[in-house]
Amino acid sequence: MDRIPILKLGDCLIVSLHVDLHDRLALTLQDDLASRVVSTGAKGVLIDISGLDMVDSFIGRILGNIATLCQVLDAETVIVGLRPAVAITLVELGVTWTHVRTALNIERGLALLQHHVSLTAPEETRDEPDDAQR
Amino acid sequence: MSIPNLTRLLQNDAEQLLQDWLKAQLASGTLRRDLLSEVDLRRDSQAFLTAFVQALGAGAALTTDGPAWEDVKAVLAGLSKTRASQGFTSGEVATFVLSLKQPLFNRLFTALSSSPEQLQDDLWTTTVLLDQLGLYTLEVYQRSREDIILRQRQELLELSTPVVKVWQGIVALPLIGTLDSERTQVVMESLLERIVETESTVAIIDITGVPTVDTLVAQHLLRAVAAARLMGAECIISGIRPQIAQTIVHLGIDLSSVTTKANFADAIALALTRSGFQVTRARAQ
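Chains as they are written, first to last, in our numbering: chain A, 1066 to 1199; chain B, 42 to 326.
Accuracy of the hints is not assured; some may be wrong.
[Unchecked claim] Computed, partial: chain A to chain B, Cβ under 7 Å:
#1 1147
#2 1152
#3 1153
#4 1156
#5 1158
#6 1161
#7 1168
#8 1180
[Claimed, not checked] FRET-style restraints, in silico, Cβ to Cβ:
#9 B:203 to A:1096: 38 to 48 Å
#10 A:1083 to B:198: 28 to 38 Å
#11 B:218 to A:1157: 18 to 28 Å
#12 B:284 to A:1097: 25 to 35 Å
#13 B:284 to A:1121: 21 to 31 Å
#14 A:1184 to B:240: 22 to 32 Å
#15 A:1084 to B:221: 31 to 41 Å
Just so you know, the hints here were simulated from the structure itself, not pulled from any lab data.
No residue lacks a Cβ here, since even glycine has one placed at the ideal position from N, Cα and C.
Chain A extracted, bound-state conformation (with noise of 0.2 Å):
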């Protein structure tokens, strides 16, 4: 069966999406992403969606709950590179994505996160991020 491959850069996980997502791809997103989480503990999770021409509305909250179950596992999601089509699709199918972190690429977000991150992380590490445990 198909799987999206996630990367780990760092503190952070970048999964990014090229093909369109079929629901039961989603699902499993969703479920590997929760385990790679907790496994790597990982600080920052990143999902770029520039290669999505569509998004529909089941599509559009599972990326929003993975987003949340992210964060409650203690790892800052941010999801970047929509379209801007996919973004007004979202708005006009009501998913806004307020509790979600929007960057427009790649770049920008991996920056939030790292900010984020070095914000967060204790002190004695603050200045070798390299040296965090893995």
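Based on these hints, arrange chain B on the given structure of chain A.
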């Protein structure tokens, strides 16, 4: 039926009829000499007469629906469209066809004065045919005008939503006019496109030019704000006039999720601060 009479009459006397018709058109008060030269008028009239005679010769019946009339209609449609874009009124366009009645009737009268019944029959046929053609001209005229209006509407819609890059990472959208669903869509699209293009983090929506804000407009605004937020840009709404602020409070519209500022200057100041810029005067005054 009387079509053969009419056809013969037209064929034998085409040149003189054209002259008479032109004279009638030139004499009529509705001709726009400022918009149409005599040469053009002659060319149009000639083209119409030729097509008309052909259609009659093809044995057309008392209606202009058949394929025989395609050419006539094509001539009329072309003429109607050109004149519509030139600024003729509907009456002036219809007069082109209707003014042919007088010269035609005169000829029928001379040719058939000996048989009144035949004359009446022919007059009726001619009137019916010319009226139908006149109506067709009007229809085309109206359609072309509607096309023009539609195009202008579209252009206005695109013109009225300029998204301005104010500073690095800051865009502004000065809204002018009433927001309806269709406009909001265009506004939202151009705003989001520009946010992507300029990689902006702050978007200022200035509603100084929006005359009224009701619940619907507020809802549209909030939608635009939500969509911009999904793209990673924070929105500031500025230019809320005192009257509009009162209306918003009276209507119980909740704008608490959006940053609002009274004027554009305040909004820019806030946007700069949020982006980490600091504005200082170069020298004391």
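Each hint, compared with the structure:
1. 1147: For residue 1147 (chain A), the interface hint holds, since the closest Cβ of chain B sits about 5 Å away, which is under 7 Å.
2. 1152: holds (4 Å)
3. 1153: Hint holds; residue 1153 (chain A) Cβ to chain B Cβ min 5 Å, cut 7 Å.
4. 1156: holds (4 Å)
5. 1158: Residue 1158 (chain A) check fails; min Cβ-Cβ to chain B is 11 Å, beyond 7 Å.
6. 1161: holds (4 Å)
7. 1168: With Cβ-Cβ at 4 Å, under 7 Å, it holds.
8. 1180: With a minimum Cβ separation of about 12 Å from chain B (threshold 7 Å), the hint on residue 1180 (chain A) is violated.
9. B:203 to A:1096: 38 to 48 Å: Check passed, 46 Å falls within 38 to 48 Å.
10. A:1083 to B:198: 28 to 38 Å: About 34 Å separates the Cβ atoms of residue 1083 (chain A) and residue 198 (chain B), which means 28 to 38 Å holds.
11. B:218 to A:1157: 18 to 28 Å: At roughly 22 Å between Cβ atoms, residue 1157 (chain A) and residue 218 (chain B) fall inside 18 to 28 Å, so the hint holds.
12. B:284 to A:1097: 25 to 35 Å: Given a distance of about 54 Å, which is not inside 25 to 35 Å, the answer is violated.
13. B:284 to A:1121: 21 to 31 Å: Violated - the Cβ-Cβ distance for residue 284 (chain B) and residue 1121 (chain A), about 41 Å, lies outside 21 to 31 Å.
14. A:1184 to B:240: 22 to 32 Å: holds (24 Å)
15. A:1084 to B:221: 31 to 41 Å: holds (37 Å)
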